[in-house]
Amino acid sequence: MGPLLRGALAHTARLIGTAFAVALAVTLVSGTFVLTDTIDGAFHRAAAPSEGSSDLVVRSTSLFAAQANSLPEREAVPESLLARVTAVPGVHAAWGAIRGYAGLVDRDGSAIAPGGLPSVGSGWAPGDVLESGRAPESPGEVAIDAVTARRNGLVLGDRIRVLFEGTSKEFTIGGFLKAAGDVVAATKAVFDPTTAQQVLGEEGKVDAIPVTASPGVSPEALRMRVNAVLPERYEAVTSAQVAHESEESWTKAVGFLPTALLLFAAVALLVGAFLIFNTFSILVAQRTRELGLLRALGASRAQLTASVLVEALAVGVVGSVVGVLLGFVAAHGLLALLEAIGFELPAASVVFLPRTALAGALCGVLVTIAAAVPAARGATRVSPVRAIGGLADDLGASRRRRLVGGSLAVVLGAGSLGSGLSGGAVSPVVAMAFGVTGIMIGLAVLAPLVARWAARMVGAPLIRVFGEPAFLGRENAMRSPRRTAATAAALMVGIGLVGVVAIVAASMKSSAGRTVQSTLRADFVLASIGITGSSGGVPPAVADRLRSSPAIATVSEIRSGQWGLDGRPQSLLAVDPATVTAMHDVDPQSATAVRNLDDRGVLVRDTTAERYGWTVGDDVSMTFARTGTTRMRLRGTFSTSAVRTDYVISLNAYRANFAQQMDLEVDVALAPGVTPAEGRAEIQKAVVDFPVVQILDRSQVLAAQNAQVDRLLVPVTALLGLSVAIALLGIANTLGLSIHERTRELGLLRAIGMARCQLRSMIRSEAVITACMGSIMGVVVAVFFGWALVTSMRDLGVSELVFPVAQLVGLVALATVAGLLAGVLPARRAASLGILDAIGHDT
Amino acid sequence: MALLMRTGDLTLDAPAVTPTSRTHAARTVEAVKVYSSGPASVRALDGVSVGFDRGCFTAIMGPSGSGKSTLLHCLAGLDTLTSGRTYVGDVDLGALGDKALTRLRRDRLGFIFQAFNLLPTLTAAENITLPLALAGRRPDPDWYDTVIDVVGLRTRLGHRSAELSGGQQQRVAAARALVSRPEIIFADEPTGSLDSKAGAELLSFMRRAVDVFGQTIVMVTHDPIAASYADRIVFLADGRVVGEMHDPTVARAVDHMKHLGD
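Protein chains in written order, with my numbering: chain A, 1 to 843; chain B, 1001 to 1262.
In case anyone wonders, no lab produced these hints; they're calculated from the structure. Where is the CB? At the ideal position from N, CA and C, for every residue including glycine. Please note that a few of the clues may not be correct.
Computed beta-carbon distance windows for the label pairs [what the hints assert, rightly or not]: (1) B:A1100 <-> A:A806: 55 to 61 Å; (2) A:A296 <-> B:A1100: 45 to 51 Å; (3) B:D1145 <-> A:S407: 46 to 52 Å; (4) A:L403 <-> B:R1208: 35 to 41 Å; (5) A:P461 <-> B:R1154: 57 to 63 Å; (6) B:P1039 <-> A:I16: 31 to 37 Å; (7) B:R1208 <-> A:C757: 32 to 38 Å; (8) B:D1145 <-> A:V450: 33 to 39 Å.
All chains should be built: construct the whole structure from the sequences, respecting the hints.
As structure tokens, then:
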């Protein structure tokens, strides 16, 4: 083993690029774990019951499960229950808790923390802890969380405007609260209980009744006792249970993030695996002679395989260790990235668990070894005599086997992708990932078959411009199609996925634009800044004020909410049947449905109605948190993509069944003769007290929608960019290894009169050809995946397939330039070789 | 030989155009090359002054380590002297930078190495025209045809080096050296890895290039048979010129080499 290992170690320098690629992939894996643990930790701490808070909570029962990103909507509890609860033996104290939307406005009149996490207001409760100042005692006083205060430079005694569902009011800041307490919130405002009831809730009602137990009474025992005195539809649960539910709901809300990030990490690992596989194939090919000699001298196959695998293990371990360490740094970057796309997380310190190091390192080492196995087996397959004589680079597996195997992988991948996209698979994400991976690997297997031809095509224009050196570079790229193809295939994966994202984004934008252009008839749309719901939406007062203005002809509100269908959460929109079609020009079928919508009716998307076998005139049992189960008559079906939910009810039905009354959007049509500028000024007057409300004209609606797409596009592209970077590293690495192998040729070329700059140009040409090939393959793949993905998103309102040609061409150009840069270092190294040393070099 | 050395001395600081530079395609003056590796240093060339006549086929012979390859490399601008000068025509190679040297090799010199003369990715024809292509020039078609026919490669032009025999590969290298009409062709053991028949073919071709086209060739060899094709042999030992032989025969060359070995 000794001499074998020395042979391996002699190539250490050549493995650095490979180790770096492993490190990058592992960085993303471990960074994802760190991020996930950090998020979990943050929510766990935020949701944990704080000291001195309640042991039990009395609340109304929830009638259906919560949707992923929120707690179930619950009806309020009558204050009269408080006396009944307090009377239960073992109850030490009980009070009414009130919670609602309370947005804070800074001195400039703009909303604080308008997106992301909710802005919460509540009544002063015994669990609240002050950092400084005093608890609110009068109707004009508020205590806000210290973090928000510090961020906005607020001091005790400052006046602050607070936004409620329908109104806004100024308060004096009397105290600063420690941490947000028992809720995950962006900002928190606390009022005295009476004021809280007025501004946040309803007179005589509270949202819940927290209870503390007398000393010696266990929460569980007390819970049974309290439950016994509660009327139907109310329940007592332990605070631990409430905390658990809250944490679970938030974990569910961000639960897709680790999965999504791990998918990106998997892509990086896949690209890294291509690179590792390629590097080891080349190293083994270069050492064929040496390995053949060792075989002839009596080294066993197992020994040779082991020597290659030990090398892989070393690369894997070094790369993984570096990657795990970098992952810690990367987690901070990922957190920033998430914040950039609107996922504001509770303040948190980064959590680094031993599991992260273990999982990251294991991934890196296993992928490295798995990628090296084919090379290790190849090392021993050749007969010793042939190996000593040196091997010409053939296509490895016979052309037919390559063709059959590659095609099979592509077909299986396409099948899996198809079942994932059509929703036929048990786990669509896994099916899609499997499909994409299968297609990518299949294409990588097939690529060498066309690599010669592709290099000839891609190289032709280069030769016209750069002459002989480019010609020689192209010949080099064509000489080992397997190597060139494998290097290009790594780039194909990254570029392909970036391209898919670009195509999907362009299609989404175009579809949304088409919908806005063809259906939106309102002159202005009013909506709340940021993610709807978190900042409460548009207060109903705005619509009322607008109605009284002579400059405005029609005002139409749209609200959104959740309800339960057999206990499962569903989304709905509520519209004003009389005015909505004036604002949104929908297809005749949908318009007819809206005309038939009454206050006891519901409209259902045609495909959904079909799935449940409902026809017009049937009754649908809809469960609302506030009012329980109601039978609503199906008044019609719609198909328009202007509506994002599957269910629509009337505004009146919404008012009757929902507690929170905020508008998702308010559509405004101006009176005849009123100019857009005048109209905007008039609307401005109505919303002056509500800085969270934006006034958007049609092009701004479009821009806002595009911005939403972009907000996701940028970080996703950035994450995929890492894979592209790894692939480019692969080009540099492969070139470096090839140059080493061709040292004598380079010496010869220099001897017979190739200038240094020509030599550099030759090597850069090879890099450019490889990069260009890889990125063109990537774009071809992107077009296919983009087509498949967009086609399957038709139901989500993505009705148009758009190929952003300029962007895709730009992507190829960018990758080609990057390829050029990847070739710079190998080119410089080749040009600095001494001619005589090179000619005498023994490969 | 004595005369040669004297003229070499005389032209040390002479103006660029001298009678010698008109008759010598290349020459060295007091060429010294010292390789120092660590504490030990080796004088590979120890004051060599020698000229190579135009239109003449000169062989450089000597035992291993005599400095014959070093002399060739320095003459061809592939290596630099520690002291002394080398000229190709009137050009002092020591005064040239890397770019000018590269251009000189490309435009005025031809090379035949012992092995690995061809780029495996190129066809024979592409290999032959490679120096011209690097210069951005096209070969003179008549001359190209002549060269191809002389080396007898007409039917192998489309083949890559892996498909050519060792002798054919060396002939392709010779054709490449010849096609750009260089002032001198430097050959470093060109028959070293060939069997005797292929070696004889290559050498007769080189002989013909001198006789028919007036080509100047300088060839390093340790093989007396190869050297016997030359007009003149320069003998080197321990980095010095130790003898010279005109119109050599194999027997005389062998004899002289034996003498050197003592």
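Output the indices of the hints that this structure fails to meet, ascending.
Hint check: 1, 4, 5 fail, others pass.
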